[in-house]
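These protein sequence lines are chains A and B, in that order. Just so we're aligned: 102 in the UniProt record's numbering is position 102 of the first sequence, and the numbers increase by one with no gaps anywhere. Just so we're aligned: 268 in the UniProt record's numbering is position 268 of the second sequence, and the numbers increase by one with no gaps anywhere.
Rather than coming from a laboratory, the hints here were simulated on the basis of the structure. Heads up, some of the hints might be wrong.
Just so you know, same-sequence chains aren't split out, so a pair can sit in one copy or run between any two.
Under the rule of at most 27 angstroms between Cα atoms (straight-line distance), these lysine-lysine pairs were calculated in the DSSO-like manner [unchecked claim]: (1) Lys98 to Lys350; (2) Lys199 to Lys97; (3) Lys116 to Lys383; (4) Lys350 to Lys186; (5) Lys97 to Lys67; (6) Lys350 to Lys97; (7) Lys116 to Lys350; (8) Lys360 to Lys116; (9) Lys298 to Lys380; (10) Lys116 to Lys387; (11) Lys154 to Lys245.
Because the structure is a prediction, the values reported are computed rather than measured.
Protein chains: 2
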Amino acid sequence: MYNSSQPNTKQADVPPAQPNKQGGSESKKFEQKYLGPVPKALSVEGGAPQPVDQKNIDPDTYTEKDKVKATFVSLARNSDLYSLVDSIREVEDRFNKKFHYDWTFLNDVEFSSEFKETVSTIVSGKANFGLIPKEHWSYPEWIDQEKAALVREKMREQKIIYGHSESYRHMCRFESGFFWRQEILKDYDYYWRVEPDIKIYCDIDYDVFKWMKDNGKEYSFTISLPEYKETIPTLWQTTKEFIDKHKEYLAPNNMMNWLSDDDGNTYNGCHFWSNFEIASLNFWRSDAYRSYFEHLDKAGGFFYERWGDAPVHSIAAALFLPKEKIHFFEDVGYYHVPFTNCPVDPEIRKERRCNCDPQKDFSWRGYSCTTKYYNVNGFKRPKGWEKYTG
Amino acid sequence: MYNSSQPNTKQADVPPAQPNKQGGSESKKFEQKYLGPVPKALSVEGGAPQPVDQKNIDPDTYTEKDKVKATFVSLARNSDLYSLVDSIREVEDRFNKKFHYDWTFLNDVEFSSEFKETVSTIVSGKANFGLIPKEHWSYPEWIDQEKAALVREKMREQKIIYGHSESYRHMCRFESGFFWRQEILKDYDYYWRVEPDIKIYCDIDYDVFKWMKDNGKEYSFTISLPEYKETIPTLWQTTKEFIDKHKEYLAPNNMMNWLSDDDGNTYNGCHFWSNFEIASLNFWRSDAYRSYFEHLDKAGGFFYERWGDAPVHSIAAALFLPKEKIHFFEDVGYYHVPFTNCPVDPEIRKERRCNCDPQKDFSWRGYSCTTKYYNVNGFKRPKGWEKYTG
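Just chain A, same shape as in the assembly:
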């Protein structure tokens, strides 16, 4: 509507060079330099790194028709509204205003009209609002609720984070076993999970959903780290029982050696931080995952312990998918309290117009599992990573 959609390259009204000027820059026309994520490369001992092929998107041929069946998904309370719209703005400004994918909001109670009106104003795609069925947010009949209550009491004393909380457990169980089977999501294939108060620091100028599909990716992450062991005492034991009964679900070329440092005997706690996921809904809908979740649900650890959806998703992805189907989005620039993923290579930050502080990046520091992810995959680390350790 304005004719000024192109950056101003005319110099007529621009002040001439000034004294005391420390250097400046001309108006920039943002050219699409990249058509997908930063490519990965395999480290080669004593040789040049070998780029891993990826199928990027040609902006000259990309049209509406190339969009895939995808939606953003946010589980939210009405009271989360203003924190969530901050996140929606982030995702819209950095990505979705170009593509207009749908947004789906889920709540265990009815959304208020204020919530629905406000988010509808801010999203650039269709907004769907779903009410979670009671059976997806309550105790299964086989759960001993007294036993569960005693666990919460104990964890409260032990100051285990969220250990006191019933609703947190319902949330973890929901995100593990039910979000992907909501009726309102049934015609979508991919999703991007968005939580309140996140930041996206880099521009994403290509259709990430299409890229995931074209490249056969079924799960992706930005941050990984070890779980609090006290929240998952028997998760691995329960998982091993499942694997013993269902070896057919273990993928060839899986990431067992990311989850375990002793060939599967114990779990080191490494998981993908699930508050950011761009992934395939159909993976969760697969026989492998459905039955894994059912096995876990029957064991009761969502209530008798504090199993998070993050380790549950991660164990499943790392065991039931070949590792090539998992993707690390190093170039999105993601923040969720208290961790940041910021590309440490200044070239990448410049290319993708990231405004994050690399000093805040967590990926290469001691507590992260991303270093192990790179090792397991044999990937070459980004330039300068060694300056952002410790």
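For this one, chain A is given, so just place chain B on it according to the hints.
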């Protein structure tokens, strides 16, 4: 570059209506409904409010050529970089990506290359970097520095905010008397001051600088409040001395009764919060303001007290400008710690796609001077303001 710049209005790939669906919205085409700020209206006793004329911008005729000589201005330290780029992103995403106005950064030391490269990547206009001359950031020769040091010591004991700080005073004096006379700004007429860690919650779809110019506005604000009296004990007395000598500078129809509740005898402390200003550089360059600043500077209160640029700018604007030349941007949705300006009328928030929480709005609450501003101007308050008081 992508053909997908129009929102997806095709329904082919969109899921049909879902059970448990709480209602949703179709993809939206954002139509330009407004061509300027929310119009003000004069309250009419017992009658319909009388709209105040304003000259809005016709998007059908607006072109590059209509841009005015304007720049964003940020005084920043190198260490402010990542907080500042957050603010730059806000302003770019909500406004400047459409218009590509320049950005000017000022520092009392050289900007680092990391600073210059990072901001240059994020701004969509030209980036200028200016070094502040020493004489604009140091003690004038007439200042008794021992006396100034004793003041800082005393204010530190009294816990007056920033009362201990030399650099804060240099900053206040700089913003009061020198920023507008930097060589690097000499060919600009208007500026928008941007500080680290701000938020802009609403979309601004029209050229605010052109609007200010077309409507003869020379100063604007989003938040107003009273000053800490302990920081400005003799500011008003000094001002009165100046006015007595220069009655010619007092504008007809000025806002003395906003600054003073007793016809100018004392100052009530009301000021515009200067961390947000869209204003005319030439107003500060006027004889009235130049000589007012010089009078204040000679009196020494920047150092012997803790005069802020906010009350200094505000007193000058309120006295030397007719009130019609001052504008309250109620529809920008602005946050700077710890205050928020958020349009309380949900229609405005919807129209301008604001994602702020009206409960956080400060404008109509006890501590704000914006209520007094509306009284003095006879403006009708926004719909529902009375719910956001107390």
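Hints and how they fare:
no.: 1; hint: Lys98 to Lys350; result: both (20 angstroms within a copy, 21 angstroms between copies)
no.: 2; hint: Lys199 to Lys97; result: both (16 angstroms within a copy, 19 angstroms between copies)
no.: 3; hint: Lys116 to Lys383; result: between (44 angstroms within a copy, 21 angstroms between copies)
no.: 4; hint: Lys350 to Lys186; result: neither (39 angstroms within a copy, 30 angstroms between copies)
no.: 5; hint: Lys97 to Lys67; result: both (14 angstroms within a copy, 25 angstroms between copies)
no.: 6; hint: Lys350 to Lys97; result: both (21 angstroms within a copy, 17 angstroms between copies)
no.: 7; hint: Lys116 to Lys350; result: between (36 angstroms within a copy, 12 angstroms between copies)
no.: 8; hint: Lys360 to Lys116; result: between (34 angstroms within a copy, 19 angstroms between copies)
no.: 9; hint: Lys298 to Lys380; result: neither (41 angstroms within a copy, 63 angstroms between copies)
no.: 10; hint: Lys116 to Lys387; result: between (45 angstroms within a copy, 21 angstroms between copies)
no.: 11; hint: Lys154 to Lys245; result: neither (33 angstroms within a copy, 76 angstroms between copies)
Checked against the numbered hints above, the structure breaks hints 4, 9, 11 and satisfies the rest.
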